[in-house]
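**Q** Here the structure of chain U is known, so what remains is to put chain P in place on it, guided by the hints.
2 protein chains.
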Amino acid sequence: PGWSARTPMAIVPGLSCEHAHAPDVMRGEETQIFGVMQIAGVRDGCFVLPGTHSKWAWVHDGRIQRFTTLMTGEVFAALSQHTILARTVDPHAALDAEAFLQGVDLAHTGQGLLHHAFGARTLALFQRMSAGALASYLSGLCIGEELRTMLTPSQKLVMLIGSPALTQRYALALRHRGVQSHVFGAESTWAGLHALSKMLPAPHP
Amino acid sequence: PGWSARTPMAIVPGLSCEHAHAPDVMRGEETQIFGVMQIAGVRDGCFVLPGTHSKWAWVHDGRIQRFTTLMTGEVFAALSQHTILARTVDPHAALDAEAFLQGVDLAHTGQGLLHHAFGARTLALFQRMSAGALASYLSGLCIGEELRTMLTPSQKLVMLIGSPALTQRYALALRHRGVQSHVFGAESTWAGLHALSKMLPAPHP
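Sequence order for the protein chains is U and P. Each residue of the first sequence is one higher than the one before, counting from 1 in this note's numbering. Each residue of the second sequence is one higher than the one before, counting from 1 in this note's numbering.
The following block holds chain U by itself, in its conformation from the complex:
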């Protein structure tokens, strides 16, 4: 609300950080995070941006302190399109919440995606799950593995930023794991571009 041709905006070049084993990078998600800080009036929290490369960022006092990338969306796409699972999984099927949460629960056991993904093959072979449900099951395995490795017991609320189709799945999985989420969409980008213009020094005339 209130956007016009005169609304000032600014862009930033992205962020990198160092994990013990490898660096990490984001480009664009920081703008969405700044936008949600502005929209929601928060300066602290855990921000989750699901996608091809999901980002989890921890913000303290208005600054992004650290973040982690997970290849969740791209691994789901690669598994469902470029492995034996492509024969039986329909990656474009609508969400089957029951099969999805079955995958989330299974991922939580920590036995690993390498084994559990093969279940999406055998459940089809034995005709125990339909192609549509299998896609949700595999999606639940992938997103559940992300939650297993990223959630800590003290995390009770996350800011979830992304497309409706993805944030719906993440919100469902998070709630299933006892975590609340506040959901934001494309508005985070516009608010972020505007917020940045107020944070950055004025440009040279």
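Derived by calculation from the structure, the hints in this document are not laboratory data. Glycine residues also receive a C-beta, built at the ideal position from the N, C-alpha and C atoms. Among the hints, erroneous ones may be present.
Stated by the list, open to error - Pairwise CB distance ranges (calculated):
{"no.": "1", "chain 1": "P", "residue 1": "A202", "chain 2": "U", "residue 2": "L125", "range": "29 to 37 Å"}
{"no.": "2", "chain 1": "U", "residue 1": "P153", "chain 2": "P", "residue 2": "H108", "range": "21 to 29 Å"}
{"no.": "3", "chain 1": "U", "residue 1": "I11", "chain 2": "P", "residue 2": "H108", "range": "34 to 42 Å"}
{"no.": "4", "chain 1": "U", "residue 1": "G132", "chain 2": "P", "residue 2": "D105", "range": "34 to 42 Å"}
{"no.": "5", "chain 1": "U", "residue 1": "G62", "chain 2": "P", "residue 2": "H92", "range": "46 to 54 Å"}
{"no.": "6", "chain 1": "P", "residue 1": "V183", "chain 2": "U", "residue 2": "A40", "range": "52 to 60 Å"}
{"no.": "7", "chain 1": "U", "residue 1": "P8", "chain 2": "P", "residue 2": "D90", "range": "41 to 49 Å"}
{"no.": "8", "chain 1": "P", "residue 1": "G178", "chain 2": "U", "residue 2": "A93", "range": "37 to 45 Å"}
**A** Just chain P now, with coordinates in the frame of chain U:
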């Protein structure tokens, strides 16, 4: 040794078993396992058959009691050929043992392949690892994840069956994790086909 046109052989149709969450299947690996039992004179143990779909089978008193499939080889291929990693990982590079074991160690932390695989992207972006070393690193992450989820502290020895290129990597990773392996190759198939002919009832004339 001792094979001739008159050596009797037999084939079997494969095995299935039930996990709590999904069934599992193998087709061919059981023959190789029977072959190694015959060659090595063992009737108990853990048999590991790395590949597109790796199999871990536990044998007791000459019978396969249970087994588990992991999509390790296929996930490595999909990651290195059908994700952003394809830009920087050379999947056909020779083994770089140091980078490989770095990946194995990282997988052992249990933080998950979804995150660590992205390191193969950022290490390239920051020019900290070559395309050849990155392939070994990613391979170590995948095989290391398999070992993390499958090895138990009491497992000190496995029978490793497969192609030299794969068994070399698995033997290296297993030794790194304190597990000995006895390695078998194509001879396991022939010995298995022969062993089966002695186990099965004689055919009708």
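**Q** All hints, please: hold or fail.
**A** Each hint, compared with the structure:
The beta-carbon spacing between P/A202 and U/L125, approximately 32 Å, falls within the hinted interval of 29 to 37 Å. Against the hinted window of 21 to 29 Å, the Cβ-Cβ separation of U/P153 and P/H108 comes to about 22 Å, which satisfies the hint. Checked against the given bound of 34 to 42 Å, the beta carbons of U/I11 and P/H108, roughly 40 Å apart, stay inside it. At roughly 39 Å, the beta carbons of U/G132 and P/D105 sit within the given window of 34 to 42 Å.
Distance hint check: the CB atoms of U/G62 and P/H92 are about 47 Å apart, consistent with the given range 46 to 54 Å. In this structure the supplied range 52 to 60 Å holds for P/V183 paired with U/A40, their Cβ-Cβ distance being about 58 Å. About 46 Å separates the C-beta atoms of U/P8 and P/D90, a value consistent with the hinted range of 41 to 49 Å. Distance hint check: the CB atoms of P/G178 and U/A93 are about 44 Å apart, consistent with the given range 37 to 45 Å.
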